[in-house]
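Top to bottom, those sequences are chains X and G. Counting from 1, position 252 in the first sequence corresponds to residue 252 in our numbering; the numbering is continuous, with no gaps. Counting from 1, position 199 in the second sequence corresponds to residue 199 in our numbering; the numbering is continuous, with no gaps.
In short, the hints are calculated from the structure, not lab data. No experiment lies behind these values; they were computed from the predicted model shown. All the given hints hold, so there is nothing to weed out.
Here are the in silico distance ranges between beta carbons for each label pair:
hint, chain 1, residue 1, chain 2, residue 2, range
1, X, R49, G, I27, 50 to 56 Å
2, G, P114, X, I10, 35 to 41 Å
3, G, V266, X, L18, 35 to 41 Å
4, X, Q156, G, K164, 18 to 24 Å
5, G, A85, X, D135, 42 to 48 Å
6, G, A174, X, E167, 47 to 53 Å
7, X, N38, G, L185, 48 to 54 Å
8, G, T124, X, G160, 55 to 61 Å
Note that beta-carbon positions come from the ideal geometry of N, C-alpha and C, so glycine has one too.
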Amino acid sequence: MTHPTRPGRILAWALLFLGGVLMVMPFVYMLVTSFKHNVEVYELSLLPRAPTLDNYRRLAGASGFPRWFLNSFVIATGTTLSVLFFDSLAGYTLAKFRFRGRLLVFGAILSTLMIPTEMLVLPWYVLSRRLGWLDTYWGIMFPGMMTGFGTFLMKQFFEGVPDELIEAGRVDGVGEFQIWWRIALPLVTPALAALAIFTFLGNWTAFLWPLIVTTDRSLYTLPVGLASFSSEFQTEWEMVMTGASVATLPTLLVFIALQRYIIRGVMLAGLKG
Amino acid sequence: MPLAFYVGVRFYPTADALLMSLTDWNIVGERRFVGLANYRRLATDPGFWTVMGNTVQYLAVGVSVSLVLAFLVAYHLDRIRFGHALLRALYFVPHITTAVAMAWVWRWLYQPVPVGVFNDLLVTLGLPQQPFLRSTEQALYAVLAPAIWAGLGFQIVIFLAGLKAIPEEYYEAAAIDGAGGWRLLAGITLPLLRPTIVFLVVVSSIAFLRIFDYVYSMTGGQGGPLDSTKPLVLKIYETAFGHFQMGYAATQTVVLFLILLVISLVQIRLLQSR
Numbered sequence: 001m002t003h004p005t006r007p008g009r010i011l012a013w014a015l016l017f018l019g020g021v022l023m024v025m026p027f028v029y030m031l032v033t034s035f036k037h038n039v040e041v042y043e044l045s046l047l048p049r050a051p052t053l054d055n056y057r058r059l060a061g062a063s064g065f066p067r068w069f070l071n072s073f074v075i076a077t078g079t080t081l082s083v084l085f086f087d088s089l090a091g092y093t094l095a096k097f098r099f100r101g102r103l104l105v106f107g108a109i110l111s112t113l114m115i116p117t118e119m120l121v122l123p124w125y126v127l128s129r130r131l132g133w134l135d136t137y138w139g140i141m142f143p144g145m146m147t148g149f150g151t152f153l154m155k156q157f158f159e160g161v162p163d164e165l166i167e168a169g170r171v172d173g174v175g176e177f178q179i180w181w182r183i184a185l186p187l188v189t190p191a192l193a194a195l196a197i198f199t200f201l202g203n204w205t206a207f208l209w210p211l212i213v214t215t216d217r218s219l220y221t222l223p224v225g226l227a228s229f230s231s232e233f234q235t236e237w238e239m240v241m242t243g244a245s246v247a248t249l250p251t252l253l254v255f256i257a258l259q260r261y262i263i264r265g266v267m268l269a270g271l272k273g
Numbered sequence: 001m002p003l004a005f006y007v008g009v010r011f012y013p014t015a016d017a018l019l020m021s022l023t024d025w026n027i028v029g030e031r032r033f034v035g036l037a038n039y040r041r042l043a044t045d046p047g048f049w050t051v052m053g054n055t056v057q058y059l060a061v062g063v064s065v066s067l068v069l070a071f072l073v074a075y076h077l078d079r080i081r082f083g084h085a086l087l088r089a090l091y092f093v094p095h096i097t098t099a100v101a102m103a104w105v106w107r108w109l110y111q112p113v114p115v116g117v118f119n120d121l122l123v124t125l126g127l128p129q130q131p132f133l134r135s136t137e138q139a140l141y142a143v144l145a146p147a148i149w150a151g152l153g154f155q156i157v158i159f160l161a162g163l164k165a166i167p168e169e170y171y172e173a174a175a176i177d178g179a180g181g182w183r184l185l186a187g188i189t190l191p192l193l194r195p196t197i198v199f200l201v202v203v204s205s206i207a208f209l210r211i212f213d214y215v216y217s218m219t220g221g222q223g224g225p226l227d228s229t230k231p232l233v234l235k236i237y238e239t240a241f242g243h244f245q246m247g248y249a250a251t252q253t254v255v256l257f258l259i260l261l262v263i264s265l266v267q268i269r270l271l272q273s274r
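Could you build the full structure based on these sequences and the hints that come with them?
In structure tokens form, the structure reads like this:
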């Protein structure tokens, strides 16, 4: 590693810091504005003169917003639980059982990573229409209940679990499902945590498929609801910013709480790819 | 059970999309087999070529600008210990947010005086106001900016992981040989980062090719003004769910799939020929 002169280093630090502050400025403006009265919005000051929660109160009362929040929460949580269960079960099976066609199955699952969602949404829509899944939670959730990425990730991690532990379980007469649940799964919790975070965030922010599959306003997810916001709050920018804040705050809190896992998870996924 | 899922939700739909692309179908009536007519129609559809032009612009400008910025930040951030985690977090935060929400924020920043911050700044500096999203020339870049902004944190973190993986001894050995800053960068850092760079170019190309959320929410779902910001995925969405031409929309998704396939194959080739 080179050691640049001290002033050079301080300059680099200052520039990086400035860049970082600029990166988060849109958030700062969004949050600040959500606490402003309408008359203050155009002043662009960073501190509201008279901070208020009125916008949040109006948002909770007026529109379908609370419902959209609930929808997003239920869908993201449900999908995440399903992905954790099925991806780790499939990953475990692929890592620890020798059966015919194992490589073929694994290859097939990996190949699904190459198929873009945009190509699948048309057949999914046709299917949902035929089966009456349009405008239902299940309709929004079913395409994401398992993921090729998650299966791959979990398989890699289960391969690190020593076979001796599993054999010991079998000798003691523990059932296969119990071995997976009680012995193997607790050993891969870091991977499970990373998968949980990414799946939740991915589903919380998902847009294209929920936009296609819902037409009933009461079943919108937050992003779809937000996209339809303009009709409701024309040019009331403080209301739009309040809505954007509510959609963003949960992900922001998750990030602040789990920052280390998230960044390590991204690095992991990047190195594997 | 997982097998049934993959067959039912991934493979069957893929086959169905391919078949659909050979039909003329408005979703309520019968599917009528038309062979390659949709593909011929695509080749002569001026709307399709406009959209492809836009998509290529998103891709080329998006990938090059974002990767250069991300590398600059990561390269310097890698040498900093003081406040490293804080700085990294500042750059990463935009990556985990809801695109639709951020699209609203940026739309607001782009507004004319007295609403928009950017124009306010320009006027304060004595410069003329810019139309941004209202101009056919600037709108594409105005939409691209937040997309780059949101992806930057991910690219920086991946670059940081790549930089950390370069053994310290390489630099020490080169320093003993008297190599300085630029020669270290060109002779050691960049060549050893090759797999990281290939990975990031591929991942970001795919992301910009599929750009949709920001365009849809910043242009009210129109891709305007005058289609100047409309990317391929928005065209697919319109064809399928605006005009209900399912067959023609499926044809466009097959084109997208083929482009992505080529990119993935190029990646595999590049990573093998080392």
